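> Kindly produce the complete structure, drawing on both the sequences and the hints.
There are 2 protein chains.
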Amino acid sequence: MIEKTIRLVVPDWQAGDNPVYKLGAKVLKAIAPENKEQKTITVKTADSNQTLEKENNVTAQSAVLKNIRNTKKVIITEQPNKIITFGGNCLVSQQPIDYLNGIYGEKLGVIWIDAHPDISNPEVFYNEHAMVVGNLLHRGDPAIQKEVDNPLKSNQIFYAGLQEPTNNEKKLIEQAGIKYKVQDENQIDSERVIDWIKENNFEHIYIHLDVDVMNSDSKNFYATYFNNPDLGEIPDNAAVGKMSRKSIWQFISNFSQEYNLVGLTLAEYLPWSAKEMLDLMNNTNIF
Amino acid sequence: MIEKTIRLVVPDWQAGDNPVYKLGAKVLKAIAPENKEQKTITVKTADSNQTLEKENNVTAQSAVLKNIRNTKKVIITEQPNKIITFGGNCLVSQQPIDYLNGIYGEKLGVIWIDAHPDISNPEVFYNEHAMVVGNLLHRGDPAIQKEVDNPLKSNQIFYAGLQEPTNNEKKLIEQAGIKYKVQDENQIDSERVIDWIKENNFEHIYIHLDVDVMNSDSKNFYATYFNNPDLGEIPDNAAVGKMSRKSIWQFISNFSQEYNLVGLTLAEYLPWSAKEMLDLMNNTNIF
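Protein chains in written order, with the working numbering: chain W, 1 to 287; chain C, 1 to 287.
These are computed hints drawn from the structure, not numbers from a lab.
Some hints could be false.
In this list, chains with the same sequence are indistinguishable; a pair is considered to hold if it fits within one copy or across any two.
Listed next, the in silico EDC-like pairs over lysine to aspartate or glutamate satisfying Cα-Cα at most 20 Å (straight line) [stated by the list, open to error]:
hint, residue 1, residue 2
1, K26, D279
2, K219, D279
3, K36, D279
4, K44, E34
Being a predicted model, the structure only gives us computed values, none of them experimental.
And the structure:
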């Protein structure tokens with residue numbers, strides 16, 4: 001197979017209801033290491049007001065759907081076999097994983113590195129980024145999961161870094177039949193990951209990284225949800241990440257040398273200082 | 001006069017001896033508000049090893065000189081009358097201010113918003129970014145100030161946000177004849193700024209902002225020198241900024257509405273989280 005890796009920039013912010021997700025995608029795209037073999041495509045995302053309305057109990061559902069469809073269109077046009085995705089919020093992994101599952105099928109394993117299981121649905125929560133694993137299993141948001149043509153089986157998902165799920169989430173994880181362990185250490189247990197790969201004979205791996213899996217202490221990793229300088233009330237499903245940045249970086253780096261990484265998402269990177277610099281520029285009469 | 005504003009991206013890092021300054025310039029460029037009237041030019045800066053040698057008691061002096069000359073060349077080619085500069089470290093303001101002083105002469109005032117006076121010279125310190133005001137006064141680094149064709153007079157500089165200078169710096173400020181007041185409040189005293197403008201009949205203003213003027217508490221402004229996750233010993237001239245971000249933003253924004261801002265530098269923005277994300281990408285076998 002000829003190898004073709006694309007870089008997909010998906011500035012979807014509506015599924016997480018915070019425009020700063022858009023800025024995260026812009027920054028990741030700008031700083032990424034150069035590689036002339038890798039085409040970079042920025043997905044056109046919905047223009048919508050910064051105050052989003054709920055539709056079918058989902059924040060900005062129609063904008064989210066538009067973003068998902070635009071992402072799908074780009075991937076199908078490009079026909080890659082490896083995808084790097086710069087989010088945006090966690091929803092950005094939906095179409096890349098769906099597409100790669102169409103190529104690799106039961107040989108594909110997905111490591112979901114996240115403090116949260118993202119397996120919700122509109123009956124229990126309203127922001128789509130918490131439903132992306134649900135959608136990939138066809139157990140999430142009926143309106144959005146329709147775009148998933150190649151749903152995952154529950155054994156294809158491995159949660160790493162997961163914190164105590166809510167009661168609703170626990171039920172949904174169990175109903176879906178996903179095995180999981182709440183992360184009490186601050187390091188990923190690589191042996192468990194490797195056992196899961198062996199048991200399932202996976203040959204291709206997708207890693208989804210939600211940076212909020214990390215402890216948000218400013219000496220560990222700053223650019224996460226919990227350092228929002230304007231943060232109001234924390235939703236009750238927002239478990240706080242505990243992982244050490246160095247251990248996650250080491251895990252992904254080592255893993256990518258030893259296994260065939262066919263996809264990587266960097267999601268929910270929230271560059272607060274960049275946002276502040278942009279605020280200054282927007283309000284200064286020289287730009 | 002036909003108005004022409006350019007955006008100058010100056011990824012000089014050598015004058016501050018930290019490659020992350022380069023990343024700061026990249027991020028600022030990427031996130032800046034769109035304006036099709038403003039051409040953006042990235043100055044080619046020296047490639048050099050990340051371990052820099054001292055030359056004439058100045059870190060990477062020849063690389064710094066190259067960066068200064070390339071900056072000068074771009075400005076002279078473009079012939080703007082307003083310049084926005086994305087640093088890089090503080091040295092990036094040298095050539096824009098020199099050039100605009102050539103246009104506006106004694107009608108130009110420079111507000112230097114910084115915890116530090118940047119008035120050093122190679123006899124008392126070794127990193128060029130601490131010498132830029134010295135160079136602009138022709139009292140800094142003999143080898144680098146030669147590039148300043150239109151030196152400032154001491155009344156043209158107003159320090160805002162300045163913390164207690166070192167003894168050497170105090171002497172140099174006094175010898176240069178600059179009036180200053182150490183900033184004990186966390187807000188800029190706008191009245192003092194306005195008095196200085198009136199006394200000197202300035203009609204055009206350049207604002208240089210070194211983000212380290214701000215208190216580096218992560219709830220105030222994170223992306224500064226003092227949050228370097230690998231920070232070792234702090235040099236003894238590194239006074240800690242005390243200003244509130246909101247007050248500085250408000251000052252610059254209000255000021256730019258009421259006065260003719262002909263130049264703005266954003267300098268020493270150090271996006272540690274972006275640096276960490278780049279580290280991850282550099283070490284992951286998919287890029």
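> All hints, please: hold or fail.
Okay, the hints, checked on the actual structure:
Taking CA atoms no more than 20 Å apart as the test, K26 paired with D279 passes in both settings, with 15 Å inside one copy and 17 Å between copies. Taking the shortest Cα distances, K219 and D279 sit within 20 Å of each other only across copies (16 Å), while inside one copy they are farther apart (24 Å). Proximity of K36 and D279 under a CA criterion of 20 Å is satisfied inter-copy only: 19 Å between copies versus 33 Å inside one chain copy. For the identical chains of this complex, K44 and E34 are inter-copy neighbours only, at 17 Å across copies versus 22 Å inside a copy, given an alpha-carbon limit of 20 Å.
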